[in-house]
Amino acid sequence: MAKLTLPAQELMYPGHSACPGCGPALTMRLLLKGLGPRTIVSVPACCWTVIGTPYPTTALAVGFLDNPIEATGASISGLRAAADALGFKDVNIVGFAGDGGTADIGLQALSGMLERRTNAIYVMYDNEAYMNTGVQRSGATPAGAWTTTTPTTGSSHGKPEMKKDMMGIVLAHRPAYAATLNPSFPEDFVKKVEKARTIEGPRFFHALTACPPGWKYSSEQTIALGRLATDTGLFPLYEVEGGKYRITRKGGALKPVAEYFRAQGRFAHLTPADVDRIQEQVRADWAHLLSLERPA
Amino acid sequence: MTQKVMSGSYAQSYAALLARVQVVSAYPITPQTSIVEKLAEFVASGALPAQFIKVESEHSALQVCVSAAALGARTYTATSSQGLLLMHELVHWASGMRTPVVMGVVNRAVAPPWDIGADHTDTISQRDTGWIQFYVESNQEVLDTVLQAFRLAEDPDIRLPVMVNEDAFYLSHTVEPVDVPSQEDVDSFLPPRDARAVLIPGVASRLGSFTGPDRYVEFRKEVANAMRRVPQRLRDVEEDYLRVTGRSHGGPLPTYRTEGADEVLMTMGTMTTTARTVVDELRAAGRKVGLAKLRVFRPFPVDEIRTLAASVDRLGVVDRSFTFGPTGPVATEVAGALYTSPHRPLITSFTAGIGGRDVTPGKIRWMFDSLASGEGAELRWADLEETRGVLVHG
Chain E
0 MAKLTLPAQE LMYPGHSACP GCGPALTMRL LLKGLGPRTI VSVPACCWTV IGTPYPTTAL
60 AVGFLDNPIE ATGASISGLR AAADALGFKD VNIVGFAGDG GTADIGLQAL SGMLERRTNA
120 IYVMYDNEAY MNTGVQRSGA TPAGAWTTTT PTTGSSHGKP EMKKDMMGIV LAHRPAYAAT
180 LNPSFPEDFV KKVEKARTIE GPRFFHALTA CPPGWKYSSE QTIALGRLAT DTGLFPLYEV
240 EGGKYRITRK GGALKPVAEY FRAQGRFAHL TPADVDRIQE QVRADWAHLL SLERPA
Chain G
0 MTQKVMSGSY AQSYAALLAR VQVVSAYPIT PQTSIVEKLA EFVASGALPA QFIKVESEHS
60 ALQVCVSAAA LGARTYTATS SQGLLLMHEL VHWASGMRTP VVMGVVNRAV APPWDIGADH
120 TDTISQRDTG WIQFYVESNQ EVLDTVLQAF RLAEDPDIRL PVMVNEDAFY LSHTVEPVDV
180 PSQEDVDSFL PPRDARAVLI PGVASRLGSF TGPDRYVEFR KEVANAMRRV PQRLRDVEED
240 YLRVTGRSHG GPLPTYRTEG ADEVLMTMGT MTTTARTVVD ELRAAGRKVG LAKLRVFRPF
300 PVDEIRTLAA SVDRLGVVDR SFTFGPTGPV ATEVAGALYT SPHRPLITSF TAGIGGRDVT
360 PGKIRWMFDS LASGEGAELR WADLEETRGV LVHG
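Order-wise, the sequence lines are chains E and G.
For the first sequence, the residue numbers in numbering that gives the first Met the number 0 are 0 to 295.
For the second sequence, the residue numbers in numbering that gives the first Met the number 0 are 0 to 393.
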């Protein structure tokens, strides 16, 4: 087994108020390990508003600015503008927003920040629904998933629409760097963050962050479930720098998506035909990603 | 000091330049555009070494300023009407987080129907957001008040955002001679921002945060306390400004010929200039009339209004905005301020000039006449009731 080389410094304090097994908590912890102490994080209304603990306490050893849910992209543009105006050259400016605050209501501000080439890192921590408000569907909820607003009763069969392709949307803006993150693969995670730290310009991370109460699984399964998400091809790990794709984990043959679905209550209602349909889509998406990595 | 002929919009831009703002962010909307176009020129020419963040919405414009101010920068934005309404959520954030943003607002009617004329409904409807609000009368007052706004906003005992509101077109697109103070004088009046109590790179800190009923009340009270300190601080700021430039705009409620007046009209913004000439005319004819200009709407100048009311029999309050309450919005506030006062004049609420309709001398005369003859009225629509000499629009 490879030796872990993660930075030892902890910039997230114990005593935060995340649920046991919280993917977003682990993601913040690893992110700050990669970024170091001279970091300011702007956080919209999301799980992390609460995880960060109430006034007058804080769960982070770095600067933490709250902003309204749709404005994270603008907030980091403002922080960077002030840092430049005041001569703070060595500070990481980071937006840390949920999937609803990014893919839905915050999409405009994110697009603006990317278009104006703000020198900052935007992290979408994707727990695939509005979890802080009690599991309502978002644009990033995957097809078929149960949420409180896409129930599995009567004529409703979970979310009918596809998950929004945030990496595709971000890449259309030609960011300086974009990558997927999965806290179940901490070394890959931190390596990408350390790399992003050295790049100038707009940088984006799509982090898949498992949520035990929202996805309906037992909290000790968070790491295993995250690994399955990547190893089934549902959430491939890759990075795009200067338009060039690189897949950062290729674990041999993809595992069947059924394994991932079986592990979560939110997919319990899926029929074998549903699973087959999604399996086909995942195969096609994986093949497409491979082709992007090796253009003809 | 030099004299320049400039529009009310450029007076905003020149004030921001002289204030050495560090971060500007804005989204274009008529009739605010020339403010930020001029600032873009200043930044491009190097005259203003600021970060100008061109954003995709007004909501983002104010967020940029709030976040930049949280890190310690001096920030400025400008908007109007729909843009301010889109900002509304951030308008609350700016004061709640105690970020001293200064914003120029060109007062414009709210749609529908679309109308870009002068109307205070856009800013009056922000009355509960915790911003200090000025309403000004001339381009000179625009420039002077924006400079005063930075001093007030950044005062460590205040730390609240400030709106400097000017009437669309009557000021924004009308040129007047404006005395522009020297950079040296402005620097002596307005030193660099004291950026205490903000985010610091490398230090554990949180601004915004969340709380429950156990602390929320105290946070609100802190904002209220800061607002209560504004009148004294404004006096200091105006004294300093007078010393440096020789000009004062007379506090939150400057009065005109109110000595021995039986009837006083309270106005805001540009209609005040018209009303002043009508007061002179009526005084010359032997009428005991006077004028009070509501220059500061937030914090509401309760003490000044009680002092004024002590010697007045009839008080007319002219709102260039409309609310669906018993009277115009300012009239409601005046009535509230006087209810517990020992001397309560008869109050008549007038709405005049909304949507940019001209508030003519004839209308002002009609309002004084109606004050003199009436028993006080909840609400009179001056634009619809006064018909002499009115040009019908369109």
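These aren't lab readings, by the way, just hints derived from the structure by calculation.
Please note that the accuracy of each hint is not assured.
[Stated by the list, open to error] Computed Cβ-Cβ distance ranges for the label pairs, DEER-style:
id : chain 1 : residue 1 : chain 2 : residue 2 : range
1  : G       : S247      : E       : G200      : 57 to 63 Å
2  : E       : R173      : G       : W380      : 17 to 23 Å
3  : E       : E193      : G       : R246      : 54 to 60 Å
4  : G       : V222      : E       : E258      : 22 to 28 Å
5  : E       : P53       : G       : R227      : 25 to 31 Å
6  : E       : R173      : G       : G201      : 28 to 34 Å
7  : G       : D302      : E       : R196      : 40 to 46 Å
[To be verified] Far from chain G, some chain E residues (derived; all Cβ distances over 12 Å):
id : residue
8  : F87
9  : V90
10 : I92
11 : R115
12 : Q135
13 : T151
14 : K190
15 : K194
16 : G241
17 : Q280
[Claimed, not checked] Footprint (simulated), chain E over chain G, 3 or more residues, beta carbon under 8 Å:
id : stretch
18 : 105-112
19 : 262-276
Yeah, the Cβ is synthetic: ideal placement off N, Cα and C, and Gly gets one too.
Each hint tested on the structure:
1. In this structure the supplied range 57 to 63 Å is violated for G:S247 paired with E:G200, their Cβ-Cβ distance being about 49 Å.
2. E:R173 and G:W380 have their C-beta atoms about 56 Å apart, which leaves the hinted 17 to 23 Å range violated.
3. The beta-carbon spacing between E:E193 and G:R246, approximately 56 Å, falls within the hinted interval of 54 to 60 Å.
4. Here the CB-CB span from G:V222 to E:E258 is close to 54 Å, at odds with the stated 22 to 28 Å.
5. Between E:P53 and G:R227 the C-beta distance comes to about 27 Å, which sits within the given range of 25 to 31 Å.
6. Range check, E:R173 to G:G201: about 31 Å between beta-carbon atoms, so the 28 to 34 Å window is met.
7. In this structure the supplied range 40 to 46 Å is violated for G:D302 paired with E:R196, their Cβ-Cβ distance being about 55 Å.
8. Distance check for E:F87 against chain G: the nearest CB is about 5 Å away, which does not clear 12 Å, and the non-interface claim fails.
9. A beta-carbon of chain G comes within 12 Å of the beta-carbon of E:V90; the shortest separation is about 4 Å.
10. Non-interface status of E:I92 relative to chain G is broken: a Cβ of that chain comes within 12 Å, the nearest being about 9 Å off.
11. Remark: the non-interface label on E:R115 conflicts with the geometry, its nearest Cβ contact in chain G lying 7 Å away (cut-off 12 Å).
12. Distance to chain G confirms E:Q135 as a non-interface residue, since its nearest Cβ pair spans about 20 Å, more than 12 Å.
13. With a least CB separation of 33 Å from chain G, E:T151 remains clear of the 12 Å interface cut-off, as annotated.
14. For E:K190, the shortest C-beta to C-beta distance to chain G comes to about 24 Å, beyond the 12 Å cut-off, and the non-interface label holds.
15. Look at E:K194: its CB is around 21 Å from the nearest CB on chain G, clear of 12 Å, so calling it non-interface holds up.
16. No beta-carbon of chain G comes within 12 Å of the beta-carbon of E:G241; the shortest separation is about 25 Å.
17. The claim that E:Q280 is not at the interface with chain G holds, since no C-beta of that chain comes within 12 Å of its own (minimum 32 Å).
18. With 0 residues carrying a beta carbon less than 8 Å from a beta carbon of chain E, the stretch 105-112 of chain G misses the three-residue requirement, and the given coverage is violated.
19. A count of 0 residues in the stretch 262-276 of chain G with a Cβ less than 8 Å from any Cβ of chain E is obtained; the coverage claim is therefore unmet, three being the minimum.
Consistency note: the structure conflicts with the earlier hints numbered 1, 2, 4, 7, 8, 9, 10, 11, 18 and 19.
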